[in-house]
Amino acid sequence: MATRWFGAPVQRIEDPRLLRGRGSYVDDFDLPEMLHAAFLRSTHARARIVNIDASTARALPGVHLVLTAADLGELLEPSPLLVPHHALTQPRTQLPLAQDEVHYVGETVAMVVADNRYIAEDALDLIDVEYEPLPVVHSLEVAAAQNALLVHADVPGNVAAHLVQTVGDPDAVFATAPHVIRESFVVDRGAAMPMECRGVVARWDSHEGSLTCWISTQGPIPIRNGLAAIFKLPEHKVRVTAPDVGGGFGTKIMMFYPEEILTPFAAIRLGRPVKWIEDRREHFISANQERSQLHEVEYAFDDQGILLAVRDKFLHDTGAYTPYGIIVPIITACTLPGPYRLKNYYSEFTVLYTNKVPVSPYRGAGRPHAVFVMERIMDAIARELHLDRAEVRSRNFIQPDEFPWDVGLVYQDGGPTKYDSGDYQAGLDKLKTLLDYDNFPVMQAEARKQGRYLGLGIGCYVEGTGIGPYEGAQVRVESDGRVFASTGITTQGQAHFTTFAQIVADQLGVEPKDVLVTTGDTQAFNWGMGTYASRAATVAGSAMYLAAAKVREKAKQVAADLFEASPDDIELADGKVFVRDAPHRALTLGQVAISANPLRYAYGENARKLMSMKLAGPRPGPALPPERGGPGLEASEFYSPPHASFASGIHGAIIEVDAKTGMVTFVKYAAVHDCGKVINPVVVEGQVHGGVAQGIGGAFFERLVYNDEGQIINASFMDYLLPTAAEVPPIAVDHVETPSPLNPLGVKGAGEAGVIPVPALFASAIDDALSAYGVRVREMPLHPNRLFELLQEQQGR
Amino acid sequence: MQEQEAPAFTEESDIAVTVNGHHYERRVPVRLLLSDFLRHELHLTGTHIGCEHGVCGCCTVLLNGEAVRSCLMLAVQADSMAITTIEGMAGTNSDLHPIQQAFMEKHGLQCGFCTPGIIMTVHAMLRDKPDPTDEEIRHELSGNICRCTGYQNIVEAVKLAAERLRVSQSEMEMD
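Protein chains in written order, with the working numbering: chain A, 211 to 1007; chain B, 50 to 224.
Don't read these hints as lab results, they were simulated from the structure.
C-beta atoms are modelled at their ideal positions from N, C-alpha and C, and glycine is treated no differently.
Warning: the hint list may mix true and false statements.
Interface residues of chain A toward chain B, partial, derived using beta-carbon atoms under 8 Å [to be verified]: (1) L229; (2) L334; (3) E406; (4) A936.
Selected chain B positions facing chain A (in silico; Cβ < 10 Å) [what the hints assert, rightly or not]: (5) T59; (6) Y73; (7) P78; (8) G161.
For reference, chain A alone in the conformation it holds in the complex (with noise of 0.2 Å):
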């Protein structure tokens, strides 16, 4: 295919808006007559609630709504389990509203709606609720000890799955390997913590009998579906927009959270719109988090640094409920083996439940734990057998020749864990360079001199991406000759404005600022998931990428037809439909849309140009041709990969750290990134600097730290530190291009990457700076405070 924009680092077609301030979220909807709701949270994390008066709060002047559990009659359902899985044998999933018991700090016990969010907010402070408490599961070991505390009396050990996965026989390995190595890693929570927090706007049209709602989220389409079915209306009365959103990073692609069900409730039951926005300190207890696991694992290597076999039993912490059923867990274990020829492999892991915030997927979404355990393991490795990291890497990696792979495992989607294409080495080598790799041992030597520590780590990974079931797109042309494009997908700031305008814009020979892309809007597009997995450009991209080729085929034919010629000779270019090698027989995109829609009456500037050109006229037989396929320029198309495509990347830093203090500097930070063919480099640049900034967050400063109560206390972006520009380095990024087979376009998802090695790498180049000390680092995320502890315990010793 022509692809002129393809590959090209287009401008942003969105930002001048997003600049000037015209963005619109959420919050930036104030409708005439709205109302403003906001909810009570547990102040425990377990207790049964006696009573609840809310009698004060229903009497304040402006408050207008008040519900508990007692108030929500056939509402009070627990939200459905999004993915359901056989080992996933007690799901539990929450309820809008808690009616007896509350199972973590945060979940939503009564919403006030009234006639601004203060008045609001005071009716909260005048519900009064009798708690009693009750014993807290404040962590994943609490929840497996033996007869353990219970999170729900119904679950037994607090168990919610159990999944085992063998690939080969590592028993047998195991019993001759010639090195065996055991060892335990923790990793504990941290959270999205997008810039904008949710936020849901409902109205009530009772004359249609129509629901729209706003609502910040990753996945409008399926929440439509669901609201549809709890209010009993047909699907096109409901309206979900996902309007510009303010970072998601998976937190937002839930279904559902309470306040997107009990908003439009409200606005129902009002008769007015009503809005709700989270704020940050909601955010912290009410948004689903990730990360927490346990690994124990084993891992036989042979003399030259072969690794052999792989043993892991891991814990999964999933919190109070299980409304992503157990896609972190599985991502975890399957990604595990990473770029390595492990051909035996143990894993098994087990979902507990603790008093938490729920969790589901947080972008990487399981796989920094399982990159940790890997890279950790070939740190091992090198350090055991004397060899130079990178080395056991390159000997251990899946050659090119070895595509596809199966690494033998079921992935989250129920499809393999098949390996499309990648070229690890080569990601390898443009590290090296780029971290000038040969030499550092010198200037390590030289620091050292000095009483520097310098410390290089890397780390390696393969990430599923674009998985299915489907996305769709439609691409339409309009008799002015602009192009409309939409997809179910969402944008967080991803560029598909931008992204997508390319790859129409290749295939309908106009520019991309022409065309005009509509994300998250159910009534645009009416059919798909939404934006997670790296699934957008993938999946949604390829389904674009085949509507617009249609409307091409289409344009041909209806301008062959016109200009009496061979709908082979027709081209599109610079926004002209003509015959090559006479361009002078020419029309605008614009007049051919027209003529594709055989009405007696057109309008605009392009229809009476039309009208005076000399054309061939209709040809006999219906208006519209059986085989044109509808009328207009206009088509729909749908992508539905076979399995995830496999992404790959290669980070490493060069790392300072400050015995004294345990405070880490970074002095250089590079990656190496393939996901196939890249749409817009300047984009997938952008995307891997994010996802590193993130990375290092999880490395090094990001920590949500549960107390003995499970209370969260550090609560605030005061005491939860996400990184600044002062503690993110320059990132150097370089690419690898293997195209994915599996799509027309070759791409492969570049969304996540950039945060799953870093809390890996980063522990490497820990281990390597303080080598002196003796130091293992064993657990995720660090921060200068831990890692002090760990110089005083090994300098103790």
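Given chain A's structure and the hints, the job is docking chain B onto it.
Chain B only, in chain A's frame:
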């Protein structure tokens, strides 16, 4: 249950402010945040709210020329002051301000939520420090959190904007 009085903060007060060159007189509840006043009374929704505790910087506006957190101020505290928000940056003509233009050219934004606050911070920074080093830029930006970009292209955008603003400043001085 005790007797419930009306909340103590419903008292109202008159304020007069100049925002982006326009004069506004409004009667507002004394507890109304400046950020809420700008967003929901004046409908200048480009100023965003990311944390409401003064850390993230999304709500940064210029108050009598100084970059401040509008979520940490009450509207009544801004009485008789001049405020510039993101909507006032580009002026009335269609061109973007050089800082905005540089952010577009350098891909200095993704979701765009933190962007208005960052642009206001950068505006004040470059006025006071027209030729900042990379380290100074990173230090000045450290009061604004961006969760999307990893700051790489923001730093690049600030450098480009600084260069262009210096050139236009020196051209003005030449004239």
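Looking back at the numbered hints, which does the structure fail to meet, lowest number first? Hints 2, 6 are the ones this structure does not satisfy, whereas the remaining hints hold.
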